Each structure stands twice: as C-alpha cells, then as structure tokens.
Amino acid sequence: MRSSAECVIIGGGVVGTAVAYYLAKRGMRDVVVLERDFLASGATGRCGGGIRQQWSTEPNTRLAIESVRIWKTLEDELDADIEFLQGGYLVLAYTDDDVAQFEKNVGLQRGLGLAVETLSPEEILTEVTPHLNTEGVRMATWCAEDASANPFLTTQAYADAARRLGVEIELWTPACRIIVEGGRVAGVETPRGKISSPFVVNAAGGHSVPLARTAGVELPVTPYRREILVSEPLERFLDPMIISFSYGVYFRQTKHGAVIGGFADPDAPEGFDESSSLAFLVSMTKKLRHLMPILAPVKIVRQWAGLYDVTPDAQPILGATDGVEGLFQANGFSGHGFMIAPKVAELLAQAIAGEEPELDIERLNARRFEGGDFTQDRSVV
Amino acid sequence: MRIDKHPILKFHRGREIEFELDGRGLTGYEGETIAAAIHAAGVRTLRTSIRLGRPRGFFCAIGRCSSCLMTVNGIPNVMTCITPLERGMKIETQTDKGHIAETGSSPRKGPSALAAQRPRGGRRGTADAEEPSRAEEPRARDLGHTPLAVVGGGPAGLSAAIAAGRLGVESVIIDENEAPGGQLIKQTHMFFGSKEHYAKVRGVDIGGRLTSELSELPARLLNNTTVLGLYPDRALSLLRDGRHHRLSADAVVLATGASENMLAFPGCDLPGVYGAGAVQTLMNVDGVVPGARVLMVGAGNIGLIVAYQLLQAGVEVAAVIEGLPTIGGYHVHGAKIRRAGVPIMTAHTILEAEGRGRVEKALVARVDADWRTVPGSETEFDVDTVCLAVGLSPNCELALMGGCEETYVAELGGRVAVHGSDLETSMPGVFIAGDASGIEEASTAMLEGRLAGLAAAERVGEPLDETLLESMRDEAADGLAALRSGPFGDRPRTGKEKMYDLARKLRQRGERREERSVDVQK
Chain A
0 MRSSAECVII GGGVVGTAVA YYLAKRGMRD VVVLERDFLA SGATGRCGGG
50 IRQQWSTEPN TRLAIESVRI WKTLEDELDA DIEFLQGGYL VLAYTDDDVA
100 QFEKNVGLQR GLGLAVETLS PEEILTEVTP HLNTEGVRMA TWCAEDASAN
150 PFLTTQAYAD AARRLGVEIE LWTPACRIIV EGGRVAGVET PRGKISSPFV
200 VNAAGGHSVP LARTAGVELP VTPYRREILV SEPLERFLDP MIISFSYGVY
250 FRQTKHGAVI GGFADPDAPE GFDESSSLAF LVSMTKKLRH LMPILAPVKI
300 VRQWAGLYDV TPDAQPILGA TDGVEGLFQA NGFSGHGFMI APKVAELLAQ
350 AIAGEEPELD IERLNARRFE GGDFTQDRSV V
Chain B
0 MRIDKHPILK FHRGREIEFE LDGRGLTGYE GETIAAAIHA AGVRTLRTSI
50 RLGRPRGFFC AIGRCSSCLM TVNGIPNVMT CITPLERGMK IETQTDKGHI
100 AETGSSPRKG PSALAAQRPR GGRRGTADAE EPSRAEEPRA RDLGHTPLAV
150 VGGGPAGLSA AIAAGRLGVE SVIIDENEAP GGQLIKQTHM FFGSKEHYAK
200 VRGVDIGGRL TSELSELPAR LLNNTTVLGL YPDRALSLLR DGRHHRLSAD
250 AVVLATGASE NMLAFPGCDL PGVYGAGAVQ TLMNVDGVVP GARVLMVGAG
300 NIGLIVAYQL LQAGVEVAAV IEGLPTIGGY HVHGAKIRRA GVPIMTAHTI
350 LEAEGRGRVE KALVARVDAD WRTVPGSETE FDVDTVCLAV GLSPNCELAL
400 MGGCEETYVA ELGGRVAVHG SDLETSMPGV FIAGDASGIE EASTAMLEGR
450 LAGLAAAERV GEPLDETLLE SMRDEAADGL AALRSGPFGD RPRTGKEKMY
500 DLARKLRQRG ERREERSVDV QK
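As given, the protein sequences belong to chains A and B, one line each in that order. Residues in the first sequence are numbered consecutively from 0, following numbering that gives the first Met the number 0. Residues in the second sequence are numbered consecutively from 0, following numbering that gives the first Met the number 0.
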C-alpha cells in the first residue's frame, strides 16, 4: 500500500469506485480506494439494483436522468457486462395522497424532459404486465426508460476500469481515522499504515457518520436497517421494476431470473444492525403473493439486510465539507445511491479535480440542513 | 429396477399408483419419492443443466444438491428426491430455469410462496378449491413456544430430545423426512463398540429403538417439515404442508447432519454418478438398485459398507478404489468385500466418467505419493454407476444464518459453527450436535446429542433433577471419550480439542468485552 496519494476514497461501493474512475479519467490517477471488506460488500451489494428517474424533487430527478444518460453507454465505456436493462418502472398509486402527489411528480418529471406517462389499472395489465393484481390500485406512473443493473458487476466494472487507469484499490483495509491538520485534511489512518493525501472522499455509506466524526464533522445521516429477499431463478416473465410507496414494496426479476425485492419497514430502529428478521420474510412474501399471485409457488432462497444512510430530505450529501478543506462527502444516499451513482460520481470528480461541475452540486452540500429549509423527496421506498 | 429379494430388508411397499412423466404413463408406489419411482422405471435423466444443457440425474437423495429439480404439477424446481410420489402427478423433465407464468392461472391454489418443495395432494385443489375466492392471504401459522426445539431427527437429534425428555423437559423435533431416524434408516450393517452404544444392532433398528424410547417421553415429532431459518431469540421458520409456520424455543439443538462431498473429474455430473449415501437411500429405503455394475470411489467405512450393501442387493461391484495407500475404513469391512471377490485398489483415483447421456465407462489410474497419476497405469471399467464415498461436510447453514460464529477445522470436515464442550454455539441457547458439529459417526452423534440435550435442558431454566443430570452427563462424556480414544478417534478428537479451545477464547473475549462495557456504564 502506498503511503501518499493525490486522493483517498473511503468506501469500495459503487460510489467510491465510480469516483475513483472519473478522477482517473480526468488525469488524477494517483488515487487509492480503501474498502473495509470486499467490493460492494456494503449497501451497494445488498440493494435491489433498480435505476429510477421518477422522483418528486428536482435534484433527485435531474441526477437520475443524467445518470441514465451515462448508464445507457456504461457497458461500452467500462468494457464490461453489467446486466443493464431498460425494463421500465411501474409506480403504483393506492391512495388519494398518492394520486395527488403523482400528478405533481409527473409535471415536474416531464418538465425535466422525462418520458413518463400515467396508466389506468386496465392499461397496466395490457401494456406492462398481465400478472399484476390491480386490486385497490388507483393508477400508476410508468417510465419505460427506467432501468436496472447488477450492482456487483457495476462496482467491479468501475473498479477494473479505474485500476486500468492506475487507481489502487485496497481491500480488507478499513479507514480508522481521517487525519485533519490545521483545518485541512492530511490523510487517512488504516491498520496497514497511514496514507497522506490532500483530498479524502467519505463514501462509506451508513458508516460515513462515525468516520466523519473522526474529522470533527457531524453529518445529518442516520443508518437504518433495510431488508430484502431473493427467489430461485425462473425463466423471464417480468421486465420492469414494480414499486409502491404507500403499499411499501419494490420488486423486479434479475437477468439471472430471480425475483428480488423488499420494502422499508417504517418501524426499523436506527443503527448498524444488519440481521435478517422473520417478520420481514413473512410480510414480504405476503406482499409479493398479493401483488403477483403467480409468484405463489416460487421458492425464496435467501434474505439479507443492508443499511440505508438516510438524510432529513432523502437526498444525498455531496461535495466539500465546511471547516475541513479537502474533505468531500458522498453519502446520505437514503436508499438510492446505486441508481444515481454515475452522475454523482462524475460531478464529485469534477469538483475534486478543480473543474466547474456540470450541474450545481452546492444545493446538495450538508450545509443546506443548517437553516432547516429543505424539501423532502417523497418518492422513497 | 426394484429389489425383490434382500438378505436383511423387507420392503413394505405402498399401493401401486399411476403418474405421468413427460406425458408417459408410469407406475410407482405410495410412500416412495418421485425420484425413486422414476429411477425404478429406468429413467436416469431428471433434468438438464441450465447453461450447457447437460443431463443431470439423481445424486444426493437428501434434498441438498438440486440435481433432481423437476416440474411437478406445473410447479418448477421441485426437489423430487425428497418429495413423495402421489397418484396422478404430472412430472416434467426441466430443461430450463422453469416457468411460472403459463401455469399460474389459478394462483391461490398453489402452495406457499415460501419454498413449496413438497406439493402435497389433498391440500391443493381440494381444501383450497372449496374457497377459491378467499380474500385473505394465508398467514404464517404460529406453532407457539416450546422449551426445546430440536432440528433434525437423526441419531443426534433424537438423542438430544431423549436426554432432555428424561429430565422432564418437553421438546419438538423437526425433521424433513417422512420417518425419523436420519441416515440410520438406511444403515443395514451392525454397529461396533460397546453394548450401551448399540453394538451388534443394525443402524436401521437403532433408529426404531430411539423413536420408541422417545414415544414414552414428552416429545413431539413434526415430520415432513423443513426448517427454513433460524432468527434472533431462537425463532424458527418452518415449512410444513406447503405452509409457513413459526415456532420459538428457550433452547434449540441443531442436529442437521452432513452432506456428501463431490469429487471433480470430467463427467462427474453424468447421470449414474451418485453419492454413496444416495445409493444407500435408493437401495435400502426405496428398494431400488442404482445400476447393474458399480465402481466405488473411496475405501473409508462408508465406501466399504455401501459396496457390501450393493452386493447384498444383487448389484455387481467392479472395484473399490482409494486414493490413499491404505484403506481408511475398518479392515473387517474391507475383508468382507475382498472375500466376495471385489478388488480394492488403493493409491488409485478416478480420471473420468464417460458415456452418452449416462455413465457407461470409468477410467481409473494409479497415483504416486504426490497424487500424480502414473502414466500407463490407466484401467477402464465398464460400469453404469460410479458411487462417490469421499467424505462428508457438516450442514451448518442454519447456525450460520442465525449468526453463530463459524470457523474452519479440517479435522471436523470443514466449516463448522464454533461450539464448546457443552455444544453451545456463540448464540446463547443454540446448541449443535452430531455431524453438523463435525464429521464423526452415528455412535458419537448419539452421545453428543445427549450432551447437547442435557445442556439445552439446563438452559430451559426449569428445576431439574441435578443428580440424574450429572450422572447422564458423566455417562455420555465418558462414552464419547472412549469412542474417540481409538485409532479412528484421533482426527475428530484433535478437531474437537481445537474447537473447544477456540470457543473458550471467544467466550473469554466476550466476557472481557462485557466487563468493559459495565465499567463504562459505571
């Protein structure tokens, strides 16, 4: 392991490896990624792999649209199969609130150039999938350009591409402390030694909070356990991701053929617990059977949990850190880091490399929470 | 082909019933598994592999390997080696991952979404058909709470329940199979050791004795039930009759046994390559012969015993080969098959199994001290079956899923949950015994099971007869020490010592951590 670098990135998830890649692409190649375990071992590898552009706030929607632009050519760019598929996202509305919110969302999304339409329950069955139980469904929004990809393959692809450009990725190497000297970041301490660096990126998901604290920085990010399960593989019968905020569910079929899905338990305690619960298994299989009765005989083969790193407005914390020059944050993704990672990482790399980021990332700086004036994204599952 | 005459066993076959395989009418017997009935009809290919389309046949016979997945009554990926045959079943050879969309027109009639490995007639299509429009989804059934839950009704599990039961502690034993006894039910040979360890009793009869002893005690058996998961606070999720059930316990004994090891060689996935345990199941439980001529790979006790059992069932054994320079099993077992004219070829390995769609030939060669094949020493055997008896690995998935600390101990067969000499894992109240805690044999499994049952009974927290507890514990511990003192006990004894040592260290570390946190709180 080298003892100095131009930039140290903490976290070998999709965000950390992507930031490394986009930095190297910009010529900053003396970059080290520190990963506590193995690549995608945290939230990235535990997520559902959906890529959604239908959001209720402008920054999330814009970041997602710009990310999909990158996603579409990412396999060519990284020279790897990442199982990218534009199978669409079907968002189900069950309540009056849903319907009212979705109408607002569609207005915002269309204003940003997203091809999104509203479907009646009958149209869902004829145009998206004949297998959905539309009982109680008032309407849905549908974006055929929404997508999915394999989180492991994507992270591996970014890491491999970054390595080819000279980036070093240190696995099984936790960051113990961010070293700050005179209001400036000076490096990172690991059990294998210290790496001095003028730039440090905190992309450690739920663990970003204790890590930032070592630099004297308090982040408004709370980790919550989120559970998910996967079935045996089956021949393809479903292309889109199907989600509902009010019913609380998301699921899709992976390229491998497995049905993967979960929901956010509103009563999940905060903290770093990543154990699986029997209650989730029971509730989730019930939801799946209800929404898609043909899944009844399908066997569940595995369940697991990961951490959402949730901010007060469900939007990420991105960019420079007040009071610690050279320390950049890329965390607080609130459960949708994978889908917006390409653009977020590129913007952050631009900022670190001293370029003007293509999109304004100042509004995603942690200081937005100081005044208490922020808009929460309601399209969170 | 079915066995009609057997020197030891009598097969009590159920009623003859008809079923369909790929549209062809076949008959089997009630009470046997789908895979056994199909095998008896001479069909060797149960499915083809997803990626390369290679034929796959019977292999493990205990619901572990996925080689037997077929579509049954429209439900894909059913483990036919543990699913009982039923009249009128429509069975299809699967050539892909399986389809659900086309067959799902009456969705509420399907079994649970939670691993419907056993589509049982009667439940489906009758009970549900009477209330097809039921709006409420079936809920997980709560089986409530039991002082002691024992997972696995083999020698270790039954012994755990018996030991606890003698102290008056109630238990529920959960077993995947129709009848308890675990692998004992297929062991036709007589056991060694002393009288109290069932010497001179056949395995199949030991299972019966344990079961009848249990019937006098406060224990309840849930057969045909699979434990799907172990959760915090010793909550178990179960699959029974295609339905999901919940059960919680003050103490849990995991006695989930072992799985057979595979050996990698070209053609090792051909139908006709079987695990030795699977061959025992097929022959001694279902009364179906695996083939006409067998090559046995491995001359440990299992390899030697199963080779003899094959002869008893009227199957020709071409040879027993063993990679090591000497046989690993008892010489008395080796002598028996040598007397029957079967060559035991030590320092030999299998190079390849050949055949179109099924095993037709096996290529064997001598290996030198460095396990390199000796050129020119190749021998070809015309066999239709290759039987692998190359060791076992502990089934410790449940323990690991529950969050037990794990470690690798080669002498115990690989990955195992860390446990102390009281068999308790790092999860308080969760114990592990028998092959699941390290590969040994049925006699040690019974004694370990007893120790785990006693420790678990203490954990339940009811007042116990301390004198009886201590005498039972001493007896079992002494018995274990005696069994592990012989030349064949070296390996497990070393493994167990390493394990107990590690458990002690982990517990000390945990205690230190607790002390520290108490200090901080002060």
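FYI, nobody ran anything at the bench for these hints, they're computed from the structure. No experiment lies behind these values; they were computed from the predicted model shown. Each residue gets a CB set at the ideal place from its N, CA and C atoms; glycine is no exception. Please note that a few of the clues may not be correct.
[Claimed, not checked] Computed far set for chain A versus chain B, every beta-carbon distance over 12 angstroms:
(1) 111
(2) 117
(3) 130
(4) 173
(5) 231
(6) 266
(7) 272
(8) 278
(9) 279
(10) 280
(11) 366
(12) 375
[Unchecked claim] Some chain A residues near chain B, calculated using beta-carbon distances under 8 angstroms:
(13) 80
(14) 232
(15) 256
(16) 298
[Unchecked claim] List of simulated lysine-lysine pairs, DSSO-like, C-alpha gap at most 27 angstroms:
(17) A:71 - A:24
(18) B:9 - A:254
(19) A:193 - A:24
(20) B:4 - A:285
(21) B:497 - B:4
(22) B:9 - B:199
Hints and how they fare:
no.: 1; hint: 111; in the structure: holds (35 angstroms)
no.: 2; hint: 117; in the structure: holds (26 angstroms)
no.: 3; hint: 130; in the structure: violated (6 angstroms)
no.: 4; hint: 173; in the structure: holds (19 angstroms)
no.: 5; hint: 231; in the structure: violated (5 angstroms)
no.: 6; hint: 266; in the structure: holds (16 angstroms)
no.: 7; hint: 272; in the structure: violated (10 angstroms)
no.: 8; hint: 278; in the structure: violated (9 angstroms)
no.: 9; hint: 279; in the structure: violated (10 angstroms)
no.: 10; hint: 280; in the structure: violated (6 angstroms)
no.: 11; hint: 366; in the structure: holds (34 angstroms)
no.: 12; hint: 375; in the structure: holds (32 angstroms)
no.: 13; hint: 80; in the structure: violated (15 angstroms)
no.: 14; hint: 232; in the structure: holds (5 angstroms)
no.: 15; hint: 256; in the structure: holds (5 angstroms)
no.: 16; hint: 298; in the structure: holds (4 angstroms)
no.: 17; hint: A:71 - A:24; in the structure: holds (18 angstroms)
no.: 18; hint: B:9 - A:254; in the structure: violated (50 angstroms)
no.: 19; hint: A:193 - A:24; in the structure: holds (25 angstroms)
no.: 20; hint: B:4 - A:285; in the structure: violated (50 angstroms)
no.: 21; hint: B:497 - B:4; in the structure: violated (47 angstroms)
no.: 22; hint: B:9 - B:199; in the structure: holds (19 angstroms)
Going through the hint list in order, the structure does not satisfy hints 3, 5, 7, 8, 9, 10, 13, 18, 20 and 21.
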